[in-house]
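Read off the chains here:
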Amino acid sequence: QQQVRQSPQSLTVWEGETAILNCSYEDSTFDYFPWYWQFPRESPALLIAIRPVSNKKEDGRFTIFFNKREKKLSLHITDSQPGDSATYFCAASEANAYKVIFGKGTHLHVLP
Amino acid sequence: NSKVIQTPRYLVKGQGQKAKMRCIPEKGHPVVFWYQQNKNNEFKFLINFQNQEVLQQIDMTEKRFSAECPSNSPCSLEIQSSEAGDSALYLCASSLPTGSSNERLFFGHGTKLSVL
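Those sequence lines, one after another, are chains A and B.
Start counting the first sequence at 1; every next residue gets the next number (our numbering).
Start counting the second sequence at 1001; every next residue gets the next number (our numbering).
The set of hints was computed from the structure by calculation and includes no laboratory data.
It cannot be assumed that every hint is accurate.
With a straight-line Cα cutoff of 30 Å, these simulated DSSO-like cross-link-like pairs (lysine-lysine) come out [as the list claims (entries may be wrong)]:
no., chain 1, residue 1, chain 2, residue 2
1, A, Lys57, A, Lys68
2, B, Lys1112, A, Lys104
3, A, Lys99, B, Lys1044
4, B, Lys1039, A, Lys99
5, B, Lys1003, A, Lys71
6, B, Lys1027, B, Lys1003
7, A, Lys57, B, Lys1020
8, A, Lys68, A, Lys99
Sequences and hints are given; from them, build the entire structure.
Right, here's the structure in full:
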């Protein structure tokens, strides 16, 4: 059972465009939603995260939009750069349960 | 640079052989996770610890996989009898306890296991 779903599986945008990566989850007890990015031959690293008390979290060109009612969130990358090309993982965790569930990832390719 | 240290970086085993990998979590992080990442980049949770205690583990882990996080020693993950399907990147991650202000996972570079 896939608790965290991501779409699309792969996304290609041109440099300067906005990339939108989608994520949905099933478990209402999840209360922390980090996004990790992973470059080829590198380990995943935290990019940005949000908690359900907020519906938006912004960090530079990266913004998470969160819809608690629909159990959906999205990562928007504005002014995409070729250096943003990576696999992006949406994850969800539950407080005090030490459970961190990852989606299958979206591979983003930014063309120069 | 990752402060979570995993060794070895590469591990090659024959089917039926034992495969053991180690992880030193970031200093001050009591929670350690092991994930298996397959060739499609999908994460599969295996087991996690807080200090030396197992918090959660999946059924697969209970059968052929064993893991421990002894005090003052690296954490380890061992596959008792490797199978071809175990070929993957094994990622160790550490974190502060949930409920703290920072729950992010810090990943090591992983151990890439190839079972021939």
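Results for each hint:
1. Distance check on the hinted pair: Lys57 (chain A) and Lys68 (chain A) sit about 14 Å apart at the alpha-carbon level, within 30 Å; holds.
2. Under the criterion of a C-alpha separation no larger than 30 Å, the hint pairing Lys1112 (chain B) with Lys104 (chain A) is consistent with the structure, at around 19 Å.
3. Taking the CA atoms of Lys99 (chain A) and Lys1044 (chain B), the gap is about 12 Å. The hint holds against a cut of 30 Å.
4. A threshold of 30 Å between alpha carbons decides the hint, and for Lys1039 (chain B) with Lys99 (chain A) the separation of about 23 Å falls inside it, so the pair holds.
5. Distance check on the hinted pair: Lys1003 (chain B) and Lys71 (chain A) sit about 33 Å apart at the alpha-carbon level, beyond 30 Å; violated.
6. Between the alpha carbons of Lys1027 (chain B) and Lys1003 (chain B) the distance comes to roughly 8 Å, so the proposed pair stays at or under 30 Å and holds.
7. Pair hint Lys57 (chain A) plus Lys1020 (chain B) does not hold up; C-alpha atoms about 40 Å apart against a cutoff of 30 Å.
8. Among the hinted pairs, Lys68 (chain A) with Lys99 (chain A) is consistent with the structure: their alpha-carbon atoms are about 19 Å apart, no more than 30 Å.
Violated hints, listed in ascending order, are 5, 7; each of the other numbered hints is respected by the structure.
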